[in-house]
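Based on the provided sequences and hints, a complete structural model is requested.
Protein chains: 2
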Amino acid sequence: MDRLKEFISNHVLGNPTRLAIMLYLLPRTRVLFKELLEVLEITPGNLDSHLKALEKAGYVKIRKVFSDRPRTAVEITSKGAQETGKYLKLLREILDEV
Amino acid sequence: MDRLKEFISNHVLGNPTRLAIMLYLLPRTRVLFKELLEVLEITPGNLDSHLKALEKAGYVKIRKVFSDRPRTAVEITSKGAQETGKYLKLLREILDEV
Numbered sequence: 011m012d013r014l015k016e017f018i019s020n021h022v023l024g025n026p027t028r029l030a031i032m033l034y035l036l037p038r039t040r041v042l043f044k045e046l047l048e049v050l051e052i053t054p055g056n057l058d059s060h061l062k063a064l065e066k067a068g069y070v071k072i073r074k075v076f077s078d079r080p081r082t083a084v085e086i087t088s089k090g091a092q093e094t095g096k097y098l099k100l101l102r103e104i105l106d107e108v
Numbered sequence: 011m012d013r014l015k016e017f018i019s020n021h022v023l024g025n026p027t028r029l030a031i032m033l034y035l036l037p038r039t040r041v042l043f044k045e046l047l048e049v050l051e052i053t054p055g056n057l058d059s060h061l062k063a064l065e066k067a068g069y070v071k072i073r074k075v076f077s078d079r080p081r082t083a084v085e086i087t088s089k090g091a092q093e094t095g096k097y098l099k100l101l102r103e104i105l106d107e108v
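Taken in sequence, the protein lines are chains A and B.
Under this note's numbering, the letters of the first sequence match residues 11 to 108, in that order.
Under this note's numbering, the letters of the second sequence match residues 11 to 108, in that order.
Honestly, I wouldn't trust all of these hints.
Note that identical chains are pooled: a pair holds if it fits in a single copy or bridges any two copies.
Think about it this way: if two alpha-carbon atoms lie no more than 30 Å apart in a straight line, the pair counts; the simulated DSS-like pairs of lysine-lysine are [unchecked claim]:
hint, residue 1, residue 2
1, 44, 15
2, 74, 99
3, 96, 66
4, 15, 74
Everything labelled a hint here was simulated from the structure, so no lab data went into it.
Below, the structure written as structure tokens:
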């Protein structure tokens, strides 16, 4: 049952929107803000606040990219990839017990 | 990617504490409030508020049990078992894609 305690104590990835962002980023490394908006169908304000929480935790970096026009890109950090991997391992172990 | 949208739109089970309660209840059908407190290591007020949200969604029933002294028991409903099963299936599908 210690896995359940560990599961509920992760306040960064315990939020489904933040976990979904990390799951989408994990194989892609870097995505545009606009793409995340379309994939997750959430509001820009909502996405922005979750990205800020992920950045504060050190899981992503938010960058301004300039090509024809300025865009916002989100990059996963090695810490973010590692912590997401650990969380997925924990989730899989919990699901295997059910 | 529709699975990610479905995942983030479940506001009942999207909360890790509520999911943990349902995961613990699923094979046991009925547990005491006191036991859930010990298993999850959360405060009584916190557990109470999550159980009320689960009861409002129709996933559990909260009952007063009288033996030597009054206790509170939590029972999973068939709707709760069904919805938790569906959510776990979705989670497994998402994890299989990673």
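Evaluated hints:
1. 44 / 15: between (35 Å within a copy, 15 Å between copies)
2. 74 / 99: neither (32 Å within a copy, 38 Å between copies)
3. 96 / 66: within (19 Å within a copy, 33 Å between copies)
4. 15 / 74: between (38 Å within a copy, 26 Å between copies)
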